[in-house]
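**Q** Combine both chains into one complex, guided by the hints.
These protein sequence lines are chains A and B, in that order.
Counted from 1, the first sequence has number 144 at position 144 by my numbering; the numbering is strictly sequential.
Quick note: to get my numbering, add 157 to the position in the second sequence (first position is 1).
Hints in this document: simulated from the structure, not taken from any laboratory.
Beta carbons are placed, not taken as given, at the ideal position from N, Cα and C, and that holds for glycine.
Where hints are given, some of them may not hold.
As the list claims (entries may be wrong) - Distance ranges between label pairs, derived from CB positions:
#: 1; chain 1: B; residue 1: D405; chain 2: A; residue 2: R125; range: 22 to 30 Å
#: 2; chain 1: A; residue 1: G80; chain 2: B; residue 2: V419; range: 30 to 38 Å
#: 3; chain 1: B; residue 1: R345; chain 2: A; residue 2: T151; range: 26 to 34 Å
#: 4; chain 1: B; residue 1: T377; chain 2: A; residue 2: C39; range: 53 to 61 Å
#: 5; chain 1: B; residue 1: Q299; chain 2: A; residue 2: R134; range: 50 to 58 Å
#: 6; chain 1: A; residue 1: G99; chain 2: B; residue 2: E301; range: 49 to 57 Å
As the list claims (entries may be wrong) - Selected chain B positions facing chain A (in silico; Cβ < 8 Å):
#: 7; residue: G191
#: 8; residue: L195
#: 9; residue: D210
#: 10; residue: G212
#: 11; residue: D260
#: 12; residue: Q347
Residues per chain are reported as follows:
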Amino acid sequence: MNVSMHVNGERREYDVEPRTLLVHYLRDVVGLTGTNIGCDTSSCGACTVLVGGESVKSCTMLAVQADGCQITTIEGLADGDQMHPMQEAFREHHGLQCGYCTPGMVMAAVSLLVEHPDPTETEVREGLEGNLCRCTGYHNIVKAVLAAAQTPLASAV
Amino acid sequence: MIPAAFDYRRAQSVDEAVGLLTEHGEDAKLLAGGHSLLPLMKLRLAAPSVLVDIGRLSDLSYVRANGDTVAIGALTRHRDLEISSVLHEHVPLLAHVAGQVGDPQVRHRGTIGGSLAHGDPASDLPAACLALGATFTMVGPQGEREIEAADFFQGFLETALGPDEVLTEIRVPKADGAGWSFQKFNRRAQDWAIVGVAAVAGSRPGIGLVNMGSVPLRATAVEAALAAGASASEAAAHAADGLDPPEDLNASPEYRRHLVRVLVRRALEEAGAA
Ligand SMILES: Cc1cc2nc3c(=O)[nH]c(=O)nc-3n(C[C@H](O)[C@H](O)[C@H](O)COP(=O)(O)OP(=O)(O)OC[C@H]3O[C@@H](n4cnc5c(N)ncnc54)[C@H](O)[C@@H]3O)c2cc1C
Ligand code: FES
Ligand code: FES
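So that you can see chain B by itself, here it is in the shape it has in the complex (with noise of 0.2 Å):
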């Protein structure tokens, strides 16, 4: 499967490429890793007419300890979050989800700015990201903004970016000794969750959710409940509350259902998150 003919065009900066998407607009679409957006232009389900790649803006690949948070570059690969020290002192969980994703291969070339950007509820980093409070920063033709990931997925396949913004930045809180968990149910070796859970404990608590609905979502009914005094048992009961998970070849609504009540206890006991 050959993806349909574009332009292609390689961005030596961030401008640059914010320069791009402005001149193409709708048209033009960014390239980081490719591992979600050629799978769909193979299938021809997307067809951009312009590329506008962004893999090689080496200076947005890095993980740096930074005050209270770990700062992210949005070209950072899955691989690299994996093997990060700075990930496995500060905020582990994040470095564990990142090695849940795919396959090595996956993991070599896929980035956390696509992951996000992409806005897949069946993804991992979102729910992780939203688990741990981070803040999303984006660049634009009127400069830079910030934004929270409880904010940032706003519908399937849909963030708050802007046609013409690239996500450069991912800070997330440091967590440093704070208990975490990070459940992922699927029937195959390299398969997205069917449902799953990132929790982090400490005195930040907070839960995401992998496939509960069409956007990566926070248990906030969970979180509620917890903190109202309810054991791991009871605010579990509450995690599919209010929820309308998808439907598909590997399980219903209801399966789903279950399954997170399930999965967000076993993370609220691993996590020791109550």
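Next comes chain A alone, as it looks inside the complex (with noise of 0.2 Å):
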């Protein structure tokens, strides 16, 4: 069935069938593999887009239910060459080793701010529990974040 969304920023519109996972789509059919899959059981948070704005696990929602819908990536984060301020913060705080979980996190990080512009620590932790990193031990990422929030417009997508 015809399935259009805009993804960062473009309309993009395919035939797909009503299974297609969100995720499937955006790297298989769209061209964007810079979205992770992960666990593939909604555990691990590596694939999480923004869907409305808001961070959601992609390989848990089908491609139909995004129909319509304003769809941010990885990809759609940084103005040319111009990294966007939540992968600025990683990339200074070094908040990433291996780099897999990445895209997610930077997603989840960003949806984070938006729901709580000036977070505590704890409000960071708790706010990323949906995304497993088996390199950092999350305290880079957590001051990455941190760091981030401190910066205009580290929500804006």
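**A** Now the structure itself:
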């Protein structure tokens, strides 16, 4: 069936099976492979994208459920060569090692700042509880998000 | 993992949803937020041949104070409950419990109606609705009917909902100023409760239990002990009476019986229920 959505501001329209998951629509149909699949069972958050500005696990949503929605993926954050403040903060504070969790972590963090513009450390840790990282021990991710919160536009998409 | 193929139908109204369910019978399933159903479909533990999407029935997403009760639309997402000022004023337990479900991503999609209709004994909101003495409205081909939360949960993942019925509204008595507590015991962030306890004090006291049997349960033995004048710790000693909790990777039945006595005592003390 026909499913159209705005992905990173661009209208995309494709004919897909109703059972197509949003993450497969984004990766395999639209061709944006920045969104990773980790667990594929709604647990790890690697597949997190924004739907209408809110974090969602795209492995647990059908593309048809996002029909007509505004989707933001990791590719949609930077402005040309200018990284998004959240990406900048992850780089600055060493918030990644292997990088596998990073696209989802960054998207979850952007959504977190929309809901908690000036979060406490506890709010950051709890707000990222849907995202697993096997490398960093989370400490530098938390530092990065706290730092990003102090820069303007860190929750902008 | 990709679900088995199905026909997708998007309902524009409750009546249309009921019509589609009636037309397709047992092969059809409602889809709300999809955060219980889609994981099951991906694992092929569920394979409905028709999905009736009610996720866009935005007129079923609301929280309204209405006389002595608060009325909640079945399509209200966990996140909207968590931040509802009406709930914070009149039923803070429910806002708090919604904020403990899963993680932010889950709360952005999952709905209270889906959580109740799924009927999972490990879910948080059913126990809260039991403690609060909620009433549910369902609409089917014969029209509307109401049911008490205490009569709704009938077996493992089985509720009083017929295959052609839609849960539309949850009504909860206002509990302004009443003490309350939610004890969710788990080992990892984001997890379901190994055991959970929702308690509300005040004029309509109630205690709901998470993961202590094949259905979400009311702690009737504790409620009876409290009514007879028992202290929090005396009443909590009855928390596992007559219950047959599940065994899984996280806990043995014996451990769950121990946990529930401890958590009920903490909940009663925090709620000031005894
Ligand atoms: C990673 C993860 C962690 C989670 N952690 C928790 C947790 O800690 N605690 C907890 O309580 N829950 C947890 N959940 C479950 C979550 O709360 C689900 O959102 C909720 O149980 C189902 O709501 P839904 O709207 O997504 O329903 P769906 O998945 O769309 O539907 C669930 C079932 O209910 C039926 N249904 C849905 N709406 C209606 C209706 N209005 N009328 C009749 N039938 C209906 C559907 O047909 C289906 O059978 C978790 C889920 C995930 C994926
Ligand atoms: S891949 Fe979606 S949550 Fe892990
Ligand atoms: S950086 Fe490797 S999983 Fe997070």
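**Q** None of the hints should be skipped; say for each whether it holds.
**A** Now the hints, each set against the structure:
no., hint, in the structure
1, B/D405 x A/R125: 22 to 30 Å, "holds, 27 Å"
2, A/G80 x B/V419: 30 to 38 Å, "violated, 57 Å"
3, B/R345 x A/T151: 26 to 34 Å, "holds, 31 Å"
4, B/T377 x A/C39: 53 to 61 Å, "violated, 39 Å"
5, B/Q299 x A/R134: 50 to 58 Å, "holds, 53 Å"
6, A/G99 x B/E301: 49 to 57 Å, "holds, 53 Å"
7, G191, "holds, 6 Å"
8, L195, "holds, 5 Å"
9, D210, "holds, 7 Å"
10, G212, "holds, 6 Å"
11, D260, "holds, 3 Å"
12, Q347, "holds, 5 Å"
Of the numbered hints given earlier, the model fails hints 2 and 4; all others are met.
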